Amino acid sequence: MEHFALWLSAFLTLGILSFLYKDNPWYKLSEAIFVGISAGFWFVTLFWDNLVGKFWDGWQDEPMLFVGASLGFLMLLRLVPRIGWISRWPLAFIVGATSGLWLMNYLASNIMVQVRATILPLFSTSYASGYDAGWGAIISSLVIVVGTFTGLVYFFFSKEHKGAFGGAARVGIFFIMITFGASFGYTVMSRMSLLIGRMDFLLGDWLGMIG
Amino acid sequence: MRREIPLLITAIVGIGFVIQYFIPHWPFSKMSDWFSDWFSIVGACAIILGALNLMKVSVEKTYRRKEDWGYAAVIIASFLLMTIIGIAEGRGFRNPGTSFDWLYNYVYIPLSATMFAILAFFVASASYRAFRARNFEATLLLIAAFFVMIGRVPVGHTLSSFMPVGWQLSDLASWVMNYPQTAGQRAIMIGIGLGIVSTSLRIILGLERAHIGGGK
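Going down the list, the sequences are from chains A and B.
Per the numbering used here, the very first residue in the first sequence carries number 2; after that it's consecutive.
Per the numbering used here, the very first residue in the second sequence carries number 1094; after that it's consecutive.
There's no promise every hint is true.
[What the hints assert, rightly or not] Here are the computed lysine to aspartate or glutamate pairs in the DMTMM-like style, where the Cα-Cα straight-line distance is at most 25 Å:
id : chain 1 : residue 1 : chain 2 : residue 2
1  : B       : K1159     : A       : E32
2  : B       : K1154     : A       : D24
3  : B       : K1123     : A       : D58
4  : B       : K1149     : B       : E1160
5  : A       : K23       : A       : D201
6  : B       : K1123     : A       : E63
7  : A       : K160      : B       : E1230
8  : B       : K1123     : A       : D62
9  : B       : K1154     : A       : E32
10 : B       : K1123     : A       : D50
11 : A       : K29       : A       : D201
12 : A       : K29       : B       : E1153
13 : B       : K1149     : B       : D1161
14 : A       : K29       : B       : D1161
15 : B       : K1149     : A       : E32
16 : A       : K23       : B       : D1161
17 : A       : K23       : B       : E1160
18 : A       : K163      : B       : E1230
19 : B       : K1159     : A       : D24
20 : A       : K29       : B       : E1160
[Claimed, not checked] Have a look at the derived ranges for each label pair, beta carbon to beta carbon:
id : chain 1 : residue 1 : chain 2 : residue 2 : range
21 : B       : F1229     : A       : P82       : 53 to 63 Å
22 : A       : E63       : B       : H1118     : 16 to 26 Å
23 : B       : V1152     : A       : W57       : 20 to 30 Å
24 : A       : E161      : B       : F1229     : 13 to 23 Å
[To be verified] Sample of chain A residues lacking proximity to chain B, with all beta carbon distances greater than 12 Å (derived):
id : residue
25 : G164
26 : G167
27 : L208
Derived from the structure by calculation, the hints contain no laboratory data.
Just so it is clear, the structure is predicted and the values come from calculations on it, not from any experiment.
Glycine is no exception: its CB is placed at the ideal position from the N, C-alpha and C atoms.
So here's chain B without its partners, still in its complex pose (with noise of 0.2 Å):
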């Protein structure tokens, strides 16, 4: 009952939605969108899951006075500010003005964005070591990081201003973009697909039950 039932869960639902696309009337249609609603709602429950359970490990931490614990303390803390906040607020917690908007504009917002833009440095230092024409799959992979950077930034418009139009940085860079990178991609984006198309199938079929902590 543990594995066999999952199984039949995944089974039905995955040829509800295959089936729904090509025959999208009544009754699969409608079958689509209570599937599409169940998943919003089990989502949703998936992610408060995933916020109970860093509130248990935290609080687990800062009780057990374990190391860094005064970090878990304000994990808890934070979350619970903005938890509080958001559901005292009501529907309109997103509106101009309210404290929720306040804490997402003036502590969410600038943690996040330099969260990400401190990746710019880690970035540079692993091109150095990447880009090392050692061979000429490696001086391809340079000249077209080159090409792009140098192309899509002002002064790359200004040192080949002198170039004929359709032959200057910004252009070369729009040109690699375009076509050898887009066939690159391309050739990605397939093998991906089918890959997806086929562990689908598998997962689909009851091939694949890692999901429900695999096994026979």
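In isolation and in its complexed conformation, chain A is listed as follows (with noise of 0.2 Å):
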């Protein structure tokens, strides 16, 4: 079993690999059973933890769950045509509770969280390594403020990018670039690393070459 479990990831891994290549039969049948499995492995989890494990395990001491089971029903009725449009219920429950939700989270973590840790003292990026007025950490710390703050001039649409205004857009897209540039090297080095798995592998597991 354990040869015929190696010898098929090794079927789908190279089925997988040949769409470089070129589009072929094998890649496609590779992808049709990862779609497949994908949506299996969903339907199970799910079925398994939030309809079972959240409804059925819990509706005797929490009534109020039969609610959420019915909007979840309402949403299947999605596949009957003539009677889909209920389906906007459910649908309008999830829109509007991750609107409360996002509203409030994101208002405290991605702004004043963010604002409160530009607000950098010069001296030093954090107290609790102890006083520093070295010239890398005033240096580095008025790279984060000015940084984020022409950033934020270049996102300003409301204002014509001109004179003063447009040469601190300018500089929040040298910011903005380099964001970019380093976000890229990061996502290059993480599909790199998943590549050098994949070798490993081929290469380790299944035909044995390295150790």
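Two chains, two frames, some hints: make the complex.
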């Protein structure tokens, strides 16, 4: 069974990698298996965790869970075209809940916390690390303040980017390009790490060429 | 009725979540617990609806023998295999040694990891086009990406090992990530936050109606 599992994994891995040559039946077969298995995986996981774990196990102690189950049932009516419009009710619930939750969470974490973290003392980036009056700490703190402020100026489109405002926006785009470059590099490294993992499987676990 | 009830549900639930943030006590705390539980159940049903819809489309494609119907049949077979095994195995479906766990480890994991791994090649080809230093902004992007990539691998450390500590490639990569990258990221995050706050307000107040089909 262990051998079969290794060969099956290798077959599917090479099937996906074969797309690098061109779109072909082996890739399409692997892709179709991936789609079906993924859908099945999430179906089973959510069935046991949310429908059974949350609703079925809890409705005796909390009858209000029936409201959630009813909304969930109404969502499935989307599959019946004649009365599919009822599925807007649970959809409205999801959209309302997400809006209410995100309104406060983003206000707190993405705006208030980030603004607070940007207002830094020049002589030390952290009181915990002790007093630091080195040029490195001062420049680093200034980079954070100037970069965040000018980046926000760049995103402000209600005023034409001319004069001093335009100059600040131009500095802002420099910082944003550095951010994109760094994020790009980071993404490349994470994808490479996954690729190394798959190569390690093919050459090590499957073919036994590396110890 | 088809528009008013969804708008009312959106407003009540949205305002409920906002109020419980400021008053985390009964009855708002209880209401928040209910909404969170309902959210999990409805969210699960939405994913299940997506899976069932995938089946509906695939069955129709297979039944009518449309182009590439064979792959649609493979999707149906894979879905049924994973679902039947997972349901039949009961609550312990994730336990090591189960058939569901076997399918997860030897089919799902290799496929998903390889699917994301091949993006490395497409990213490389995209970077070849994007990383031509045509102007100052593109050069900044190139330099930042270069330092982050070279500073995170052992060869980068070896190449700059003669430099004083604090000026080696790995140190420069960390500085780029911690300061200029953080500053730009923070500006983007604040911008996204402001956008989400204003859009959420519009949705709760009923000004944004795309989720119920749009219109007045």
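Next item on the list: Against the earlier hints, flag every one the structure doesn't satisfy and list their numbers going up.
Entry: none
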